[in-house]
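Participant: Sequence:
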Amino acid sequence: MPKIIENIKEQIIEEAKKQLFENGYSKTTIRSVAAACGIGVGTMYNYFSSKDMLISSFMLEDWKSCTAQMKKLDTSEELIFLEGIHDYLKVFINKYSFLFKDKEAASVYSAVFAERHAQLRGVLANIILPVCIDKSYDEPDFMASHIAESILFWTLEDVPFEKQAGIFRILLKM
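Be aware that the sequence shown starts at 1, since it is given in our numbering, and climbs by one per residue.
Please keep in mind that the hints were generated in silico from the structure rather than gathered at the bench.
Computed from a predicted model, the values in this text were never measured in an experiment.
Please note: incorrect hints may appear among the correct ones.
Stated by the list, open to error - Below, a list of computed lysine to aspartate or glutamate pairs in the DMTMM-like style, where the Cα atoms sit at most 20 Å apart:
#	residue 1	residue 2
1	Lys17	Asp62
2	Lys173	Asp138
3	Lys95	Glu15
4	Lys18	Asp52
5	Lys95	Glu22
6	Lys18	Glu61
Starting from the given sequences, assemble the full structure and let the hints guide the process.
Facilitator: What follows is the structure, given as structure tokens:
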């Protein structure tokens with residue numbers, strides 16, 4: 001009779017996070033996570049098709065949490081709003097910066113980077129759109145995407161918000 005383990009998916013995710021943050025990308029394996037959870041490798045594959053899908057699953061949850069916080073920001077003061085987006089984005093980036101800089105992880109994720117980048121920009125643009133609609137722009141969607149790309153790129157490059165703010169003042173006609 002198979003062993004029944006409560007909340008196995010959650011246990012797998014928590015163990016994978018622990019190993020990833022403590023040991024890095026290359027030392028975190030399906031086998032090591034399975035062993036630490038007391039399950040077989042085959043059982044792991046019932047939940048996640050690969051190590052990368054496992055890592056992506058909890059990064060996605062963290063991203064959803066991050067964007068949920070961004071959506072709660074007050075849009076009445078445009079620069080304060082954009083700084084809030086920058087700050088939440090910075091927390092997410094800092095949490096996973098070791099992974100973004102890992103050569104092995106980068107080689108695995110490079111194939112989907114452009115697609116994921118466009119998705120991230122789109123999510124950020126939708127959050128930013130309200131501050132662009134009330135301005136007299138011909139294309140507020142484009143302006144929101146432009147600002148989203150700028151925040152995303154320069155935050156990844158570790159440029160402080162204060163340096164970005166001058167450009168946003170010009171773009172937002174402040």
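Participant: Now, for every hint given, state plainly whether the structure supports it.
Facilitator: Checked hints:
1. Lys17 x Asp62: It holds: about 11 Å lies between the C-alpha atoms, which stays within 20 Å.
2. Lys173 x Asp138: holds, 14 Å
3. Lys95 x Glu15: holds, 16 Å
4. Lys18 x Asp52: Holds. Lys18 to Asp52 sits at ~15 Å (cutoff 20 Å).
5. Lys95 x Glu22: Cα-Cα ~12 Å, so holds.
6. Lys18 x Glu61: The given pair, whose Cα atoms are some 15 Å apart, holds under the 20 Å limit.
Hint compliance for this structure: no hint is broken.
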